[in-house]
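Those protein sequences? They're chains P and V, same order as listed.
Residue numbering for the first sequence is 941 to 1056, as defined by the numbering used here.
Residue numbering for the second sequence is 25 to 138, as defined by the numbering used here.
Everything labelled a hint here was simulated from the structure, so no lab data went into it.
In this text the structure is predicted, and so the values were computed from the model without any measurement.
Any given hint could turn out to be false.
Claimed, not checked - Partial list, derived from the structure: chain V residues whose beta carbon lies under 8 angstroms from chain P:
id	residue
1	S57
2	A62
3	Q65
4	F93
5	G124
6	P131
What the hints assert, rightly or not - A few chain P positions that, by computed beta-carbon distances, are all more than 10 angstroms from chain V:
id	residue
7	V951
8	E1004
9	E1006
10	H1015
11	N1043
12	L1044
Said to hold, decoys possible - Here's a subset of chain V near chain P, in silico, CB distances under 8 angstroms, partners left out:
id	residue
13	G66
14	G80
15	A104
Glycine included, C-beta positions come from ideal geometry on N, C-alpha and C.
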Amino acid sequence: AQSVTQLGSHVSVSEGALVLLRCNYSSSVPPYLFWYVQYPNQGLQLLLKYTTGATLVKGINGFEAEFKKSETSFHLTKPSAHMSDAAEYFCAVTRNYGGSQGNLIFGKGTKLSVKP
Amino acid sequence: ETGVTQSPTHLIKTRGQQVTLRCSSQSGHNTVSWYQQALGQGPQFIFQYYREEENGRGNFPPRFSGLQFPNYSSELNVNALELDDSALYLCASSSILAGGPVQFFGPGTRLTVL
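With the rest of the complex left out, here is chain P (with noise of 0.2 angstroms):
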């Protein structure tokens, strides 16, 4: 079975502070991992994903998580956070089904504050 933990329900940073957001995931099969963005009362926006290849990826907005598959982490980061955002990031984890679409497993969610 898969899951995903996220460390963290709150964090707090100062704008420009470097952005660090934690996710581990436990797969029985290579994982396919994902980041999204969720601000207040609307859907899900994908920020980045790594399905194979490189390890370290980039997303939008400036961010970047790197697949660490010793640690079981996906780790999300940015190197200067800027008020825009503050928002909830949701780290999730799915694997390839063959020919259909695997279902998306969620962490509870990481709520990203930015003071100025």
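Take the given structure of chain P and dock chain V to it, following the hints.
Using the frame of chain P, we list chain V on its own:
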């Protein structure tokens, strides 16, 4: 290219009633997945439809049912509503061939059960 759309945006029902939520998938996507997001939680998988057939189901009772139409749009039906059904319902569309293992989400329908 039109993204995933959902209707209605908000809905208020009373306990015991039935509700239907609708989702239009992104162009070229043949798979629709539905998720329930309770307040303060991550989305939970309800079920998925692939080429008009149910293709997986999460831990939800049978009063949660769905349909997918030939144009790949979808409905989520919930019977005998309970207070705990109050949540944001998210629809996501995808296609392994068109976009790989990425699900694109709609804005959601906020259901309140009184």
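Now the hints, each set against the structure:
Interface hint status for S57/V: upheld, as the beta-carbon distance to the closest one in chain P is roughly 6 angstroms, under 8 angstroms. The restraint placing A62/V at the interface with chain P is violated, with a minimum CB-CB distance near 11 angstroms, outside the 8 angstroms limit. With a cut of 8 angstroms, the hint placing Q65/V at the interface with chain P holds, because the nearest CB-to-CB distance is about 6 angstroms. The interface hint given for F93/V is broken, as the beta carbon of that residue sits about 18 angstroms from the closest beta carbon of chain P, more than 8 angstroms.
Of the supplied interface hints, the one on G124/V holds, with its beta-carbon coming within about 6 angstroms of a beta-carbon of chain P, less than 8 angstroms. Below 8 angstroms, beta-carbon pairs count as interface contacts, and P131/V has one with chain P at about 4 angstroms; its hint therefore holds. Distance check for V951/P against chain V: the nearest CB is about 15 angstroms away, which clears 10 angstroms, and the non-interface claim stands. With a least beta-carbon separation of about 17 angstroms from chain V, E1004/P lies farther than 10 angstroms from that chain, consistent with its non-interface assignment.
The beta carbon of E1006/P is kept farther than 10 angstroms from every beta carbon of chain V, the shortest such distance being approximately 19 angstroms. In this structure H1015/P is separated from chain V by more than 10 angstroms, as the shortest Cβ-Cβ distance comes to about 17 angstroms. Its beta-carbon lying about 4 angstroms from the closest one in chain V, N1043/P breaks the requirement of being farther than 10 angstroms from that chain. The claim that L1044/P lies off the interface is violated: its Cβ sits roughly 6 angstroms from the closest Cβ of chain V, which falls inside the 10 angstroms cut-off.
Among the interface hints, the one on G66/V holds; its C-beta lies about 4 angstroms from the nearest C-beta in chain P, closer than the 8 angstroms criterion. Satisfaction of the interface hint for G80/V is found here, the shortest Cβ-Cβ separation to chain P being roughly 6 angstroms, below the 8 angstroms cut-off. For A104/V, the suggested interface contact is broken, since its CB lies about 24 angstroms from the closest CB of chain P, more than 8 angstroms.
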